[in-house]
Each structure stands twice: as structure tokens, then as C-alpha cells.
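Participant: Listed here are the chains, written in short residue letters.
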Amino acid sequence: MLRGAEIFLQCLRAEGVELVFGYPGGAIMPLYDALEGSGIRHILTRHEQGAIFAAEGHARATGEVGVAIATSGPGATNLVTGIADAKMDSVPLVCITGQVRSALIGTDAFQETDVFGLTLSLTKWSRLVRSIEEIPTVIAEGFHWAREGRPGPVVIDIPTDFLKAKMEFSGPAKFTPKPRPSDAIANGAFADDVIALLQKAERPVALIGAGAKLSGAIPELRQLLDSLNIPTFATVHGLGAVVPSAPYYLGMVGMHGTRAANMALHENDLLLVFGARLDDRVTGDPSRFAPHSKIVHFEIDPAQLDRVRQCELPVIGDLAQTIPAFHRKIKNAKLPDWSEWRAVACGEDRAELDPRGLSQLTVRFLDELFGRLPENSVVIADVGQHQMWAAQRYRSALPRGFITSGGLGAMGFALPAAVGVQLSKPDATVVCVSGDGGFQMNIQELATVRRLNLPIKMVIVDNKYLGMVRQWQQLFYQRNYAETDLSDNPDFVEIAKAYRINAERLNEDAMQEYPVTQCTADALERFLKSEGPELLVFDCAPEANVYPMVPAGAALSEMLFEED
Amino acid sequence: MNAFHIHYRNTQGTLMRILTAVSRRGIEIPYMHAAASGPGHRADLLLEVNAKQIGQLCRDWHAIVDVTDVRVGTPTPEMMEAAAGFAGPHPPASASAGGRSASAAMA
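These protein sequence lines are chains Z and R, in that order.
Throughout the first sequence, residue numbering follows our numbering, covering 2 to 565 in sequence.
Throughout the second sequence, residue numbering follows our numbering, covering 4 to 110 in sequence.
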């Protein structure tokens, strides 16, 4: 006879789980009681939101399912932002929440919340466990749905009495989904239709999103793009899918995308979309998005099709299958010569206005920092101006080399996510870039970093504002800086030291010289090569802005490069 | 008005997921009926939606794990009759208290 908690943990092990993140509490205590000897390493964060973001970091860095554990009531509600984040960014996640005793459910018992109900619209699948006997099948099914198709978050809510109860356990369950007669998957014939569109196209382009990376078909995608040799760009989550040095690659597209990418996306007459949902940050004004374009949409999740613009040709299916199938056909197809279009789209007159970032010292700083990173590095960006600067400047060829909360835009993501990444990639240089606002949203995770002695290199770009909101206030609200002033920030260096973490401050004046002085170079080298955790606070000009910028509601061709 | 017929396995939360796909868009549901149908269950909804919303809803429903099929159809007279009733007081008025409505009595 085994306790439900022991069965639960054995089932997690059967799903390949070795690492979980969580925070204990009353209803989930039996699970914690059974942890020792289970073969599962538990990382105690200092807040449940830290736990779920760390689990996301693990999942985003490895492609494996991340697991977060919390107790009932406030423990579970503190997971909600992370669940929404995982839904938006297609992160495979299993959240385990303790629940009050089954007999007390619905009585407003102490720390009871309807976790199942409140996460319904945020989860891909969820279950309130109704008996100890259900535990193996619920876990098997939950992990299946977290991984299957477009990955996403799953919630398993388990009453505490089922974790304490005992039963004979014959082993973990296996789950086989029932087929759905209405599932329509693209067959090989689609490739002929795409080729027919390509043969008529004069200005074709390719847009790469997260789905291309999630499929795992990166080598195949890169071969396909080499064969097509058409102007190509990526969403923030598509960064790293294309080798940044590829001659046809134009960089990031969207609100803070490159001039070349946005212009090509606006002007093309055939848009091949690989695993991107075309959200408003990518399209700008939907009514003026790619006005001359026909769209071919390679997508695993039919729910992502036609959200903004109707596509001419949906190619529904796992990109791991559709991309190679398309490439096989392309090899033998006669395609037009697009060199003239390529010359326009990739031309000098569309290049970055300030490639060295000399007019923007934070950009200079990031260039200096990123230029010193080894190839296996992972950069995790929080949310705000620094996120966009980092996305613009970090040019990794690793598909999982740049991680951020792109869809939900959840401030406070980066530090705990970096914990998950560093634990999953112990040999990688992990750099966490935050703003002064976001860092304070999960600053308590410095304790987790310290306890585990994780060599995370933490950077705070400190402009003493909620910078991105301030930028919008400057540009679109007549400089009414309502409630974005953080000039009374604490001394982050002293805070880090209180957590027994080395910390230094770098003033942006250090970036005035090009190249930087030996003293500054040494400081950056020292920061990156330290064996333990390090914090570097970069004092940024308070009113520095991220450019280019497509104002909300404008077309992609209407980029701002400076304040009007 | 469009009628939607969503076939689903009656597992925990599936009907609620079907409904929240509608409610998250601020669309009212003048008619809804769910019952066992063949080997599974079927929810019939009557909604005032445009062509783009029809596509989005059908795809969102189809993405729900235990939804097995989604069909768009013509509203039945029963649906339309129920929908007409929907145009009445909302929330429904109480039975009169001494000839006055409940809200008037409270006032």
C-alpha cells in the first residue's frame, strides 16, 4: 500500500520529471512529506509566482514539461499569472495545487479557492482529482496534453485527503488520446499549392515564430530558408530560429522590429508564416497589415489561423512534418529569380540607422555585454524597454538562446525564469536582464539564487522609471508621467549584498567611449566570468527610448525613429 | 443569429470551456442547451456573431481537448423562441410584490 502522495510522485517520475519548483503549505503538505527519496529535486522559491516562472524557465530552456507546486487558496492564485504566461507563449507546464479535503470543497473552508474554475480559460486542460484511484490516469493525461500539439499549461488540483489515503499501486498509467474525426492535417499535396503561389510571387518573405522552434525542426527550417533565399524575419519568440548572419535575414519584426523587417513585411506580396499567431505587436494596424500580401500559414494549432487576417492557404500540422515535406518539393521546383527584391529588402538604405548604438548608451552597453558572451549563453529578458533592447541586440543562433515573456508581457518574469534556466543548463552562461520595475516584482528570488549559488549574471537597466510606460506617456500622452516615476528606488547594490550576492554599479558614462576603456572592459569580463551569482546595475538615462517604434494602431511602415 | 452545435466528451470543465470561449468576447448567449447525444454530449448555442467571430469561435472550440466536432447551422424555431424571450427584463424581474416589481419594492 502506498500513500497517494507517493503514488503521485512516482507518476511524476514516470513522466521524466526530475526537477520541480514550489512552495509548501497546508493542503499540499502530504506531497512534500513524501518528497525525500522520490528521486525528484524540489526547488524552494520564495513566492509561488517565482516557482511557476522558474518552471517556465526550465521548460523554455529544455522543451521539457515544467512542474510547479503550490498549496490551495493563495498558493494556487499566485500561480495564475504564470499559467496565463505559459498559455500565451505555448509553454508545456503542469501545475500541481493542493486543495482542501474533498469533504470540505464548496464550503469556503480555510484556504479554499476554486482553482479549477478560475484557471479554466487559461489552461489547456485541467482536473480536480476526485479519488486516489484517479491519480495515475490524471497525471498521465495531464502530461500528455501539456506536451501535445501546441504545448500549454495544465492544472491538477488534488484534495489533501487523497494525498494522505493509501491504496495498492500497480504502476503509472499510460494515456492514449481518443482520435477526433474532425482533425484535419495537411497532407503532402499542400506543397504544390505553396509552390504555385511562390511561382507567381514577386516579393515573397518568410516570418518565423515560436512554433517553428517548438517543432524542433530548426535544421530543416534553416535548410528550407537557404533554399528559398527570400527576405526573412522573426517574431520576438522566433529569435534564434534563423542564423542571424544569414544574408536574407532581416532581424526582428513588429512594434520594435528592424526597419528592414517591417518594411519587407509591409511590402511583400506573399507571406509564408511559420508558427506565428500574428498578434497585434507583429501586425500593427490589422486593417493595414501586409496590404498586398497573400498569406500561407504553417501552423499546428488551427485556433491561431485567421485571427487578424484571413490566410489564403492554411497548412495545418506539426511543422516538424510540414517543413521537411515542403522542402522536399521545393528542391525540384523552378522558382522565380527574386534577387532584385532581395536587394531592395536587404539593401543598405534599409540598414540600421545606428548599428553601433552610439546614440543610445544602453544599447551600447548591451552590445558590449552580449559581445562577450560565449555561444552557449542564454539571455532571459524581463518586460519593458530593456526587453526590446535585448531582443534587438542579442543575436543568438541558439533556438532557445533568448527567453522572455513575450505574449503576456509579465513583469517579474526574468529573475525566477533565470533560476529555472540555470538549473537546467548548468554549463551555460545565463544572463538575466531586467528593468528596475520588473526586478522588484520578484526580487525575493535573490534568496533562491543565493541558496543554490547559481552563477546567474543579473543586470538591472535602471532608468528609475517604468520605462516603457513612460516612453508611451512621452510619445502619446503629452509627457504626463503619471505614476511611472521610480526615482526613489532602493539601492540595488546594497540589496544584493544583503542577500550575500556580489554587486556593482556601472554608469552609462562608461559607454561614452568607443571602444570602451580597459577599465570598463575589465569590469564586464569580471562580471561575466565570476563563478557565483553577480548583479550589475546599469544606470540608464531616464528618458532613453526604444526605437524603431511602430505606434499602436499604425501600420508597420509608419515607424518612429525619434520623438516627433 | 447563428446556431452552433458543439459535440464534446462530457469531462470536467469542457462545457465551461466552450462557454468561456464565447463570454471572453463579450458575446451574450440567448439560447443554450446541452445534453447527452449519441456517444458523447452536444451543446447547442444561438449567438449573434459576425463572420469573423464564427471562424474564431469554431477554431477556439475545436482547440478544446474534449471537443470532438463543431458545426454551424440554422437556428431551430425552438431556439428562436427562446432567444426572443431573452429580450425581456435582464435580470428577470421578480414576481410582483403587491403589484410592484422586486426592484421597486427594494427601493
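Just so you know, the hints here were simulated from the structure itself, not pulled from any lab data.
We treat Cβ as the ideally placed atom computed from N, Cα and C, and that holds for glycine.
Don't take every hint at face value.
Some chain Z residues well away from chain R (every beta-carbon gap over 12 Å; in silico) [what the hints assert, rightly or not]: (1) L3; (2) T108; (3) L121; (4) S122; (5) T124; (6) S127; (7) V130; (8) V139; (9) V156; (10) A166; (11) G189; (12) P303; (13) Q305; (14) D307; (15) K498.
Subject to a maximum C-alpha distance of 20 Å in a straight line, what follows is the list of computed DMTMM-like cross-link-like pairs (lysine to aspartate or glutamate) [claimed, not checked]: (16) K295(Z) - E135(Z); (17) K55(R) - E135(Z); (18) K55(R) - D280(Z).
Per the computed footprint, the stretches of chain R lying under chain Z, defined by three or more beta-carbons under 8 Å from a beta-carbon of chain Z, are [stated by the list, open to error]: (19) 40-54; (20) 57-65.
Participant: Give a verdict on every hint.
Facilitator: Results of checking the hints against the structure:
no., hint, in the structure
1, L3, "25 Å, holds"
2, T108, "20 Å, holds"
3, L121, "5 Å, violated"
4, S122, "4 Å, violated"
5, T124, "9 Å, violated"
6, S127, "6 Å, violated"
7, V130, "10 Å, violated"
8, V139, "10 Å, violated"
9, V156, "10 Å, violated"
10, A166, "20 Å, holds"
11, G189, "23 Å, holds"
12, P303, "5 Å, violated"
13, Q305, "8 Å, violated"
14, D307, "5 Å, violated"
15, K498, "46 Å, holds"
16, K295(Z) - E135(Z), "49 Å, violated"
17, K55(R) - E135(Z), "40 Å, violated"
18, K55(R) - D280(Z), "16 Å, holds"
19, 40-54, "violated (count 0)"
20, 57-65, "holds (count 5)"
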